[in-house]
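Undergrad: These protein sequence lines are chains A and B, in that order.
If you count by this note's numbering, then the first sequence holds residues 25 to 380, one letter each, in order.
If you count by this note's numbering, then the second sequence holds residues 112 to 469, one letter each, in order.
If you are wondering where the hints come from, they were derived from the structure by calculation, not from laboratory data.
Certain hints may be false.
As the list claims (entries may be wrong) - Here are the simulated lysine to any residue pairs, SDA-like style, with alpha carbons at most 20 Å apart: (1) A:K305 <-> B:R417; (2) A:K305 <-> B:G437; (3) A:K189 <-> B:P284.
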Amino acid sequence: MLELKQVVKKVGAETHIYAANLTLEPGSFNILLGTTLAGKTTLMQLMAGLEKPTSGEIWFNGENVTGMAVQKRNVSMVYQQFINYPNMTVFENIASPLRVSRISEDLVKKRVGDMADLMKISAMLDRHPSELSGGQQQRTAMARAMVKDSDLILLDEPLANLDFKLREELRDELPRIFNERNCIVAYATTEPTEALLFGGRTAALHEGHVVDFGPTGEIYRHPSSLLSAQVFSEPPINTAQVTKSGDRIILNDKVSWKADKALPDGKYTIGIRAHHVLPKKENKNAVAIDGTVQVAELSGSESMIHFDAYGDSWVSLSHGVHPFESGQKATLYADVSRSFYFDQSGKMMNLKAAAA
Amino acid sequence: MAKITLSHLKHSYYPNPTKSEDWALKELNLEWDDGGAYALLGPSGCGKTTLLNIISGLLIPSHGKVIFDEEDVTDLPPEERHIAQVFQFPVVYDTMTVYDNLAFPLRNRGVDEETVKSRVTEIAEMTDLTAMLGRRASGLTADGKQKISLGRGLVRNDVNAILFDEPLTVIDPHLKFQLRSKLKELHQRIQNTMIYVTHDQTEALTFADKVVVMNVGEVVQIGTPEELFETPQHTFVGHFIGSPGMNVLPCEIKNGAAFLNGSKITTTNKAPKDIKKAEIGVRPEYVTFSEKGIDAEIVKVSDAGRFNIVDTMCAGQSVKLLVQEGASIPTGSAKLAFAPNSTRIYSDGWLVREGGAK
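This is chain A alone, in the form it adopts within the complex:
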């Protein structure tokens, strides 16, 4: 178990991580989700011992490891920019972490072979990294990180530089690989869909703050705050200011809908994900939003419509091909039964998980 207790990291006058508290369970897959500069890499370096916290403590399996050098900890890390030894073969690259621990050549061969099978690079073992494609090089780097039994494996956007299809394939394989081991994995990504597909637990990060942490599906469907919902939405979640008054939620003098009784009167920010705003009325709870289309992006199987309504920018994501001209007036339907309500401090007010 890895515990971060009130971990703060400052560099000069800047705070990179604000009092992070995280507990990563044994054998767990943990996703650090956030945009660039959210603090994902810094948090990983703190976990690895590559950086020392300015204050706070890091504990591993009941032992305080704050400030313990990375060499003394059983940690592996994979970076976005794959790093391999150019003068070594793929076999030697993967085997390198095993060379320092004195294990027999037979066992090295077996371990490297198993890892290469898993990563589908068995046929490349005699080649040098420069003779491999980018995807194969990254798989070599990942195989090296995983060949020894590390207690903690940190993967910093390892798929970001790979082709789309390869990313899809490795995304499928990775959880399977880790399932067979009893290590703690932390995986940084900027992509909400990637986080969802991995499952496990997700920490939503925003500008150095851990804004949410819990089982991935739960964080997605019941974010604790507006920030968390924004971190966990791609395309961006639609937001608008509403007023709850009596039994109505009022967006403006034209658009209102029935309110949940449990919500106190007052001003709220609503959040509705793009796939709950559709060009056709498919749900009886949907309310009509009249606006002007900025641009419609049709991908052949889905339509993403960017439009302006009542002073806000909205995005709709729907199945099928729904053509719209730029500048065209259009009505889109927001399924408000799927909306989140955030109070003025950004705190989530929905009582039960709206299945968004």
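Put chain B on the given structure of chain A with help from the hints.
TA: Structure of chain B alone, referenced to chain A:
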């Protein structure tokens, strides 16, 4: 602006190509309409950059012609082709202001300052750079710099086409989304011929009216995003486009019909007698759980938010299906049905046309 015709185009980097693999670009014929938005899509090494370089004039093809409107430009150098190019990495003059960066291609061609001013103002407004015109380019973020590159590509109104070579690679994912729709909007306003090269299906499909899908030096399909999704002409297109890609399942053929583990599968087409490597192609979007159907075992359910990706083992093969958020998913055993209008037979990778001919 111009219509672009590629006629019997072929290219090899070897002086005497003999084998099929010697060709970086296999024979290709296509016409791009004036003012259209096109994409060249394919994995690394598929030949898309070779093709782009031939169009821009950086490379002279070993065979065939490049024609702009009626003019054969095959042997013309890049500067005489009037093409604007936006590259993967932003190319900006750091010491110049944003204004001067945008004005550069015009001033280079001796355009008078008044015209320069009106064009730069217009383009800056379109690319959201108005507020930054007086600033030095060096202080901008990567997406700001790439917007300058985009703006510079759009500023001349005498170009035949604008080529984009993976222009969003260095852009942060959440900003990618903004720039992508911006580009689409710009195309609709400017109506110039635009060619967009990428390995990213989302970028290609959302930007282009027509997409050229390439694999190992060969064009495998040219079509609208909808055509590529609905009727892939090759299993490669089915796999490469869509996420997850099309299920491609080796099958048996009896009397022109496809069978999986003895169960007949209804398809839109019939297999020819001389079929090679018979496969069924069906997208995960068109596989459903049903009362009757082929037996399958649920292997894994992945929650993708809007939908679930369900991995099954069906007739000894891996079959994926997409199930909408909130819909129920059986556990253990289930039966699968393939939508007959979206299930097709492929021979040696290629879609078998109605009537059986390839």
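Undergrad: Any of the earlier hints contradicted here, and which numbers?
TA: none
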